[in-house]
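**Q** Listed here are the chains, written in short residue letters.
Protein chains: 2
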Amino acid sequence: MGVGDVSKRILLGRKLRSSQLGETLLPKRIALPVFASDALSSVAYAPDEVFIMLSLAGASAYVWSWKIGIAVALVMAAVVMSYRQTVHAYPSGGGDYEVATVNLGATAGTTVASALLVDYVLTVAVSISSGAQYAASAIGALSGHEATFATIMVLVLMAINLRGIRESGTFFAFPTYAFMVAILGMCAFGMFQLAAGDLPQVESADLHIDPAPGYGGSLTTFALVFLLARAFSSGSAALTGVEAISNGVPAFRKPKSRNAATTLLLLGMIAITMMMSVIVLANQMGLKYVDPSDLDRLTLDGQPLPPGYDQHAVIAQIARAVFSDFPPGFYLVVTVTGVILVLAANTAFNGFPVLGSILAQDGYAPRALGSRGDRLAYSNGIVFLAFMAIILIQAFNAETTRLIQLYIVGVFVSFNLSQLGMIRHWTRHLKSEQDPTVRRRMVRSRMINAVGLVFTAVVLVIVLITKFLAGAWITILAMIIFFVIMRGIRRHYDNVNAELAADEEDKVMPTRVHAIVLVGKLHKPTLRALAFAKATRPNVLEGVYVAADPEATARLLQEWDERNLGVPLKVLHSPYRELVKPIVDYAMEIKKANPRGVVAVYIPEYVVGRWWEQLLHNQTALRLKGRLLFAPGVMVTSVPYQLRSSQIAREREERELARVRPGDLRRGQVGDRSKRGQINR
Amino acid sequence: MGVGDVSKRILLGRKLRSSQLGETLLPKRIALPVFASDALSSVAYAPDEVFIMLSLAGASAYVWSWKIGIAVALVMAAVVMSYRQTVHAYPSGGGDYEVATVNLGATAGTTVASALLVDYVLTVAVSISSGAQYAASAIGALSGHEATFATIMVLVLMAINLRGIRESGTFFAFPTYAFMVAILGMCAFGMFQLAAGDLPQVESADLHIDPAPGYGGSLTTFALVFLLARAFSSGSAALTGVEAISNGVPAFRKPKSRNAATTLLLLGMIAITMMMSVIVLANQMGLKYVDPSDLDRLTLDGQPLPPGYDQHAVIAQIARAVFSDFPPGFYLVVTVTGVILVLAANTAFNGFPVLGSILAQDGYAPRALGSRGDRLAYSNGIVFLAFMAIILIQAFNAETTRLIQLYIVGVFVSFNLSQLGMIRHWTRHLKSEQDPTVRRRMVRSRMINAVGLVFTAVVLVIVLITKFLAGAWITILAMIIFFVIMRGIRRHYDNVNAELAADEEDKVMPTRVHAIVLVGKLHKPTLRALAFAKATRPNVLEGVYVAADPEATARLLQEWDERNLGVPLKVLHSPYRELVKPIVDYAMEIKKANPRGVVAVYIPEYVVGRWWEQLLHNQTALRLKGRLLFAPGVMVTSVPYQLRSSQIAREREERELARVRPGDLRRGQVGDRSKRGQINR
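Order-wise, the sequence lines are chains A and B. Quick note on the UniProt record's numbering: the first sequence kicks off at 1 and runs consecutively. Quick note on the UniProt record's numbering: the second sequence kicks off at 1 and runs consecutively.
No wet-lab data here; the hints were simulated from the structure. Some hints could be false.
Pairs involving identical chains hold if they fit within one copy or between any two copies, as the list cannot separate such chains.
Claimed, not checked - Here are the simulated DSSO-like pairs of lysine-lysine, each with C-alpha atoms no more than 30 angstroms apart in a straight line: (1) Lys-534 to Lys-625; (2) Lys-570 to Lys-524; (3) Lys-591 to Lys-534; (4) Lys-254 to Lys-431; (5) Lys-28 to Lys-254; (6) Lys-592 to Lys-570; (7) Lys-625 to Lys-592; (8) Lys-521 to Lys-570.
None of these values were measured; they are calculated from a predicted model.
Let the sequences and hints guide you as you build the complete structure.
**A** See below:
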């Protein structure tokens with residue numbers, strides 16, 4: 001089929017060959033690490049937070065720790081079961097945002113989106129802060145400089161993501177499996193020592209915890225319940241990231257939903273096992289752990305600790321004790337924990353622009369974010385995310401404990417709305433579904449989601465009560481700001497769409513075309529613009545020259561005559577060297593003289609390659625085009641002339657288009673990029 | 001004459017009615033203050049610098065001060081006489097840059113331009129620093145915070161100039177005349193007291209100056225000569241700004257050159273009178289003045305001064321003593337001196353963009369600077385100037401004495417090249433001139449310029465010897481940087497021009513036009529773009545739609561059919577929502593299939609008014625246009641559709657165009673802006 005052959009309309013584009021597509025999709029063994037880093041990494045800080053909260057009442061309160069661990073595990077099990085339903089019902093990868101929007105409406109959807117945006121920022125801040133703490137455990141010199149180190153890490157992640165890295169399954173697989181092996185291995189070894197009766201004590205075992213002011217003596221029931229609630233809601237940080245798989249269903253191999261659900265179950269079991277093992281071991285090994293900003297509550301034999309004492313993270317303490325005869329074991333555990341935390345932060349860098357593009361498609365974010373490969377849009381998102389995370393890290397001095405206070409509320413807002421949405425989903429489908437087997441399955445799913453909702457609603461209430469003043473209000477404020485901005489953008493788009501809706505009068509065709517070609521000099525670009533303009537056979541064609549200098553004008557007129565171009569040249573007088581206004585005024589006058597015609601302004605432009613060359617050229621053309629946009633009935637045509645140096649820019653552009661965007665892997669989009677978007681026939 | 005009547009070419013534009021033009025030109029009594037502030041304001045710091053240099057050898061060296069004053073006055077007289085010749089020979093207002101370029105070639109011209117650019121920065125830094133010193137004399141609280149105050153003043157000036165102020169003659173006239181009256185009145189009153197024998201002593205009269213290390217005891221002849229040379233070259237700061245009138249000849253009433261020359265003479269006489277009066281009075285009143293950073297060399301009765309002692313500027317000390325019975329007199333003198341210094345700094349804000357536009361016309365600066373009313377270009381220049389001045393003020397802690405070391409070398413570089421150029425000018429004209437009267441005048445002019453050259457050359461050598469290590473090297477380095485950049489820009493433009501030069505093959509006309517209209521939705525902008533494209537009657541016309549979502553595609557196809565547009569729609573498949581690449585590839589393919597044709601891409605754009613609305617629209621169009629520029633044989637047409645809110649932007653733009661640019665007054669361009677650049681017939 002020739003290109004000119006357009007007498008009939010053709011729908012172009014083939015289905016991607018499934019073999020080709022299959023290559024890019026993830027088997028479960030790879031999908032697990034790809035989506036697990038976020039959820040598993042929270043094992044690195046969630047138990048610590050439980051111990052910190054309980055320590056307010058002294059080490060005696062640690063007897064509650066494993067009960068709180070079980071409560072968190074129960075909630076996590078409920079959430080995992082719930083999301084298995086979501087994965088089956090919404091295999092498109094829209095996740096919580098889609099579930100809330102479809103079932104609860106736009107307001108709920110936007111609320112979830114706000115919560116997710118805030119969560120991405122906090123994922124980066126919390127994971128990197130916790131990672132910095134682990135780094136300080138292994139490298140003493142970093143102690144006290146955690147905030148600086150964390151900031152540098154965020155900047156490095158930002159740079160990597162701006163640059164674009166080709167993520168692969170193995171990129172995630174190795175460190176994630178290493179983390180699982182290291183932590184589970186450490187726990188198993190510890191359990192073995194426990195069974196053998198020679199479990200060593202951690203470094204903080206001999207310390208004594210002074211209760212915090214107000215927690216001395218025996219607690220009232222209310223105070224105890226509130227303390228446990230606080231510890232529980234801090235421990236709920238372990239649930240962050242569980243929902244990630246529901247956004248990634250399209251990246252799974254077929255049967256996508258089944259595989260995703262299985263992976264989710266696996267993930268939940270591993271996470272629960274790890275968390276419980278760490279809590280149990282820490283208890284058995286005599287851990288004493290307080291808020292890092294409250295280190296003076298730790299005493300040794302009634303004496304305060306030496307200044308500069310550094311409290312290591314729980315997993316680091318356990319690893320050091322368990323592997324006391326085998327230091328490489330300690331370093332391995334700490335290293336892989338640090339790496340998994342960085343990977344978890346990286347998932348936010350992946351997810352943020354992806355969510356942005358979904359929001360853009362729905363009109364809640366600038367449309368430009370919605371089309372792939374918009375480098376600027378992606379870059380802005382990544383820089384924004386890094387910038388916000390750094391602000392949080394600096395404001396909270398990279399203290400995980402204080403950042404956690406902000407973290408969990410956003411996660412549970414989206415959990416809740418998502419569960420509520422799923423219940424509505426099943427109820428709606430039950431109305432039309434006849435098949436009793438299917439109905440029974442749906443009722444069961446609805447029951448699971450309802451249980452999930454109850455659990456997550458209770459947690460949300462607890463989190464709101466215990467954490468609001470401790471920092472959750474910041475999260476809620478940020479969510480409101482995001483919410484208002486998104487609604488404003490959507491309202492704007494709606495207004496514009498209403499104003500743009502076509503009606504019948506818009507089919508009127510202009511009666512004549514008056515073309516003017518801007519002439520600055522008689523060089524190749526001008527001649528090309530004249531030729532192109534002539535080729536469109538307008539009713540009137542003329543060159544237009546803005547004259548400031550009589551000498552230059554005379555020279556140009558003479559050259560124009562000599563070249564015998566067959567096109568008249570109009571000279572506009574501009575004694576003060578203004579270029580834009582005379583041309584705009586002239587175009588408007590032509591239009592006024594012939595209101596049903598259209599004015600076509602041809603602007604010769606030359607295309608250069610280097611950024612500083614671009615500053616030296618076409619600035620006036622740019623300004624002129626900007627101004628002419630406001631002139632009704634005028635269209636502006638750029639006729640480019642490519643200079644040799646433009647080749648540089650073209651090559652740069654090609655490289656840019658071939659680059660991988662953050663999050664591609666999770667959306668099943670690591671195919672052969674050069675094949676994409678091509679016209680096939 | 002109808003607009004359509006273009007069968008013959010017409011040179012549009014009338015001569016501005018001279019009555020209208022005359023209104024904007026300056027009579028001598030207004031021109032003097034407009035151009036004098038820079039030159040006169042140096043009286044506020046030049047005598048101080050002479051005293052500071054001499055003070056190195058103790059107060060006894062002050063006997064040399066009036067002799068140095070006479071030497072400076074002689075040089076100034078020579079320079080004034082020389083520039084009177086320039087004003088007659090080059091009435092176009094190009095000033096030193098034009099003189100050097102025309103007579104000595106591009107290298108000399110660029111050198112002068114570099115010197116002038118550096119001088120503008122230093123004018124701001126020196127004037128504002130000196131003004132801060134005067135402000136501290138009057139307001140004790142500012143003492144010690146001069147650098148901060150000066151920085152704020154620069155920022156205020158920058159803001160005013162960015163905003164644009166309508167300068168008028170009276171804007172300059174009042175403060176400049178007030179300055180003259182105040183200083184000359186003060187001096188006359190002092191002279192009267194001197195004659196009456198009751199001249200009071202200044203506040204520093206009782207102090208003793210310890211000679212600087214190395215200057216104690218009797219000086220060797222060489223050391224004395226070097227000291228006097230240093231004092232003389234510092235005093236030469238009084239000459240800065242004298243050349244301003246030569247840039248402003250076009251702003252004078254007719255006979256322009258005569259009036260400008262007379263004004264220059266007047267200016268020189270006033271400046272010399274002021275400077276000499278101040279030096280004589282200071283000597284008679286027992287002034288003791290040292291470098292502000294060397295205050296510990298001042299002693300009172302053998303005791304060091306109390307900490308926090310503030311040394312006031314020379315004019316401030318004289319005014320306080322002379323008007324000891326009349327404090328308002330003191331405050332008036334200090335206030336008008338401060339104001340005139342700010343006005344002097346403002347001239348740099350005016351001159352910098354004007355010089356930029358002249359350089360742009362010659363290809364030494366980005367072309368965009370050459371057309372008037374380019375807000376961005378002007379703004380960038382103003383911000384750049386303020387930024388550089390602030391760096392200098394902060395680096396030198398707003399100490400006038402140290403900034404002066406950088407100042408004078410640039411001024412005298414341009415003085416020298418200008419004088420040399422003038423000598424060449426007269427020599428060249430003498431070759432062809434026959435009329436003996438004219439020849440005699442020319443020989444006389446050449447003699448004057450030769451004398452000027454000798455004087456300024458001697459000063460330049462002295463300045464280079466005495467100031468190179470003290471800071472002049474910074475100026476020279478900056479000049480070299482400006483020089484290299486300007487030459488680089490010019491070379492780039494030359495290369496581009498060579499590449500663009502038209503030859504015969506460029507007249508070939510494309511054989512056919514294949515037009516494609518981008519369709520995203522079927523709304524008014526798309527329909528307008530289709531109608532406009534149809535009006536150009538291309539050989540092939542089709543709509544092009546990039547399909548990502550099958551549902552939306554089906555909807556659009558149906559609507560397209562229903563509307564019965566008579567144009568085929570091509571659907572490009574893009575599974576990953578890429579928009580730009582499919583379209584670019586398609587355009588390139590059309591072009592490849594028909595190499596002698598041209599592809600016209602029509603892009604519907606809607607025009608909104610607010611900046612944040614612009615972020616929400618047309619980003620993809622922008623990116624697409626950027627990409628298509630690199631595709632040979634493709635032209636890109638924007639078809640704008642103006643939304644209601646675009647009215648806001650149009651009105652803002654109108655306001656912007658009506659705004660006065662810095663430096664308008666000095667170029668005789670304060671006419672009725674709305675009349676400019678209009679098409680007249």
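**Q** Among all the numbered hints in the text so far, which are the ones the structure does not match?
**A** Result: no hint breaks.
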